[in-house]
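Trainee: The chain contents come next:
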Amino acid sequence: MSLLSAEKLTKTYRSGDIDVPALKGVDFSIEAAAFVAFVGPSGSGKSTLLNLIGCLDHPTSGTLKVLDTDIATLDRRAAARFRGEHIGFVFQDFNLIPVLTVFENVEYPLRMVQQWPAAKRRDQVLRLLDAVGMADQAHKRPDQISGGQKQRVAVARALVSDPKLVLADEPTANLDSETAHRVLELMKKMRDEFRTTFVFSTHDARIMGEAETIFTLEDGRLLNGGSHA
Amino acid sequence: MLDILGIASRNLLRYGRRTLLTLLLIVIGMVAVLLFIGVAGSFKSMMVGQITDSVLGHVQVHRKGYVASIDSLPLNLNMRPNMLAKIESELDGNPAIAAWSPRIKFGGMFSNFAETTSIRINGIDPAREATTVPLLSGRLQEGDKNAALVERGQIVIPLLLARGMKTQLGDTVVVVATNRDGSVNGKTFVVRGILESISGPGGRDGYIHIDDAREILRMTEDQVSEIVVRLKDFSQLNRVGGQIKAAVEGLTNKEGKPMLEVHEWTQLSPFANIAKMIDLMTLFIKIVLVSIVLVSVMNVMIMAVYERIREIGTIAAIGTPPSRILALFLAEGLMLGIAGTLAGIVLSLAGIYGINVWQPTFDFGMQKGLVMAPAIAAGDVLTIAGLVIAVAIIASLQPAWKASRMDPITALRHV
Ligand SMILES: Nc1ncnc2c1ncn2[C@@H]1O[C@H](COP(=O)(O)OP(=O)(O)OP(=O)(O)O)[C@@H](O)[C@H]1O
Ligand SMILES: [Mg+2]
Chain G
1 MSLLSAEKLT
11 KTYRSGDIDV
21 PALKGVDFSI
31 EAAAFVAFVG
41 PSGSGKSTLL
51 NLIGCLDHPT
61 SGTLKVLDTD
71 IATLDRRAAA
81 RFRGEHIGFV
91 FQDFNLIPVL
101 TVFENVEYPL
111 RMVQQWPAAK
121 RRDQVLRLLD
131 AVGMADQAHK
141 RPDQISGGQK
151 QRVAVARALV
161 SDPKLVLADE
171 PTANLDSETA
181 HRVLELMKKM
191 RDEFRTTFVF
201 STHDARIMGE
211 AETIFTLEDG
221 RLLNGGSHA
Chain E
230 MLDILGIASR
240 NLLRYGRRTL
250 LTLLLIVIGM
260 VAVLLFIGVA
270 GSFKSMMVGQ
280 ITDSVLGHVQ
290 VHRKGYVASI
300 DSLPLNLNMR
310 PNMLAKIESE
320 LDGNPAIAAW
330 SPRIKFGGMF
340 SNFAETTSIR
350 INGIDPAREA
360 TTVPLLSGRL
370 QEGDKNAALV
380 ERGQIVIPLL
390 LARGMKTQLG
400 DTVVVVATNR
410 DGSVNGKTFV
420 VRGILESISG
430 PGGRDGYIHI
440 DDAREILRMT
450 EDQVSEIVVR
460 LKDFSQLNRV
470 GGQIKAAVEG
480 LTNKEGKPML
490 EVHEWTQLSP
500 FANIAKMIDL
510 MTLFIKIVLV
520 SIVLVSVMNV
530 MIMAVYERIR
540 EIGTIAAIGT
550 PPSRILALFL
560 AEGLMLGIAG
570 TLAGIVLSLA
580 GIYGINVWQP
590 TFDFGMQKGL
600 VMAPAIAAGD
610 VLTIAGLVIA
620 VAIIASLQPA
630 WKASRMDPIT
640 ALRHV
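Chains G and E supply the protein sequences, listed in that same order. Taking the working numbering, the leading residue of the first sequence gets 1, the next gets one more, and so forth. Taking the working numbering, the leading residue of the second sequence gets 230, the next gets one more, and so forth.
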């Protein structure tokens with residue numbers, strides 16, 4: 001049984017009086033613990049698709065099932081709960097909370113989204129910080145660490161509540177290629193360690209190579225059924 | 230510490246200067262209100278106390294129509310003994326009344342054998358008067374404050390009259406009056422005291438013993454012009470005043486018409502209007518405070534939400550419930566309110582304490598050198614504090630609500 005499956009999935013934005021079709025009927029399925037990239041030129045619909053998978057938006061037609069849940073059935077509140085329980089996010093701009101330390105940023109989902117007991121929380125945060133190699137920076141503020149380090153912290157935050165799925169829209173766009181590769185390696189290592197499914201998007205050809213499955217989007221359509229690298 | 234209050238306080242500190250400016254506005258507003266309440270309120274209660282405790286009492290009873298023509302002190306509108314007996318039983322039966330005192334008021338001529346002038350006189354029962362208007366003897370500038378105010382054959386005269394007539398303590402003077410039948414009578418008195426004048430009706434009257442008054446006026450029965458009532462609890466004025474009114478104004482003559490009228494002190498003294506003005510100004514300044522807090526907190530919270538749109542998008546995307554996002558921003562407004570309130574209270578109390586140490590004086594009408602002694606009730610402080618905190622929360626509601634309703638995708642794309 002697949003973790004993610006899309007059938008005839010479309011998304012059309014309305015901007016003013018004109019319809020902008022961003023996804024024009026997309027079918028795919030992704031298995032648990034996969035390491036998947038959606039690639040394609042700018043405007044091809046990568047972000048649109050990842051937003052749908054992340055239950056941040058509703059499809060215009062077709063179905064998208066995430067962990068057997070038809071995401072079209074989720075309202076605002078239910079979608080927020082679903083994201084909090086099952087999906088981790090890594091953002092292009094890292095998006096750490098500036099007033100919180102590294103430790104507290106990773107702790108945030110366990111405290112403000114879910115309610116883990118304090119002792120369990122501490123162990124989990126330390127485990128994740130250790131896994132991403134940031135344990136020695138735990139007390140620092142985001143503005144005191146580098147971009148690559150921020151993204152490591154963000155990966156730890158995405159994984160801290162043991163989600164089934166981590167989504168990363170262009171996670172390396174703001175990093176130099178050396179650092180980008182390291183972050184990708186980290187993500188893969190995390191996949192191996194936690195058996196979490198990783199789905200990311202990129203238009204950087206050098207990064208694509210890290211993926212085990214690549215879906216190519218162009219003008220809102222999938223060009224292949226998921227080629228294996 | 231990573232809970233809602235912790236995050237909120239760090240966000241406030243992150244924009245320290247802006248937070249400080251907002252706090253400053255709240256503090257200035259609080260200090261203005263509390264100092265005003267302290268100073269104006271104590272001025273008001275001092276003046277009200279002077280007027281009620283030395284002249285007017287809390288409630289007065291007269292024959293119907295007397296107050297309307299009180300300037301001429303009409304002798305044909307006195308209360309007769311049979312009415313008095315009824316009033317007496319009503320007043321004595323009311324447990325909220327501390328004391329009452331009968332007065333005979335009349336206008337006459339005052340002579341020091343060289344010069345003559347007019348005088349308004351109260352004939353009083355000194356013991357009853359002392360319990361009903363306890364501050365009266367405190368106004369004695371000359372003469373023993375601890376003895377009975379007047380014995381028979383003694384007179385207490387107002388300071389202005391004493392000055393104008395160059396009359397001194399111990400001098401013998403004559404009071405001449407015309408009674409209601411038109412016959413003139415006079416009596417000599419020894420000046421036993423000189424009273425400091427105060428503003429308002431009755432503030433420049435002379436006092437003699439009630440029996441001397443009846444003698445001058447050749448009264449054949451024990452009539453009374455005015456009954457002054459003191460309540461046990463001044464704050465119950467409206468309630469007890471209403472009771473007395475209902476009881477006394479219900480007494481009727483043989484034709485079934487009401488023959489008495491009851492007034493609370495506020496209806497007898499123009500100072501009641503000044504007191505009302507002070508209350509009104511207090512209300513206005515409270516409205517200004519509310520506006521300041523509302524506008525400054527709302528402004529700072531709108532800025533806070535606007536600056537942190539991407540942050541809001543982030544925490545919403547990773548699953549923070551909308552209610553918690555709302556709480557995060559409400560907590561910022563709440564903490565601004567609490568911090569401003571605490572600082573405002575501390576500064577205001579320090580200011581009030583400072584004024585009490587400094588003891589500035591002021592003049593009010595005839596009274597010179599009154600010492601300003603502001604005080605503020607804990608209840609007032611708590612009310613204002615509650616008001617400011619409530620307004621700070623209300624001012625944060627709209628921005629916080631907006632933050633909690635934000636669409637994560639739009640918010641994350643915001644630059
Ligand atoms: N909110 C929106 N309203 C209208 N049109 C939109 C909106 N979001 C995206 N689009 C349009 O949908 C199409 C797909 O956009 P999308 O952001 O998914 O592309 P992308 O592959 O992520 O591009 P990039 O690599 O530049 O991030 C584009 O034509 C874009 O202009
Ligand atoms: Mg994109």
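I should point out that these hints are in silico values taken from the structure, not numbers from a laboratory. These numbers were taken from a predicted model, which means no experiment stands behind them. Glycine included, each C-beta is placed from N, C-alpha and C at the ideal position. Incorrect hints may appear among the rest.
Listed next, with one range per pair, are the computed distances between beta-carbon atoms [stated by the list, open to error]:
id: 1; chain 1: G; residue 1: T73; chain 2: E; residue 2: V575; range: 29 to 39 Å
id: 2; chain 1: E; residue 1: V524; chain 2: G; residue 2: S29; range: 54 to 64 Å
id: 3; chain 1: G; residue 1: R14; chain 2: E; residue 2: E536; range: 25 to 35 Å
Trainee: Is the gap between the beta carbons of R14 (chain G) and E536 (chain E) within 25 to 35 Å?
Mentor: Hint holds: Cβ distance 29 Å, inside 25 to 35 Å.
Trainee: State, for the Cβ atoms of T73 (chain G) and V575 (chain E), whether the hinted interval 29 to 39 Å holds or is violated.
Mentor: violated, 55 Å
Trainee: The hint says 54 to 64 Å between V524 (chain E) and S29 (chain G); measuring C-beta to C-beta, is that right?
Mentor: Distance hint for V524 (chain E), S29 (chain G) holds at roughly 56 Å.
In terms of the numbered hints stated before, the structure departs from hint 1 and from no other.
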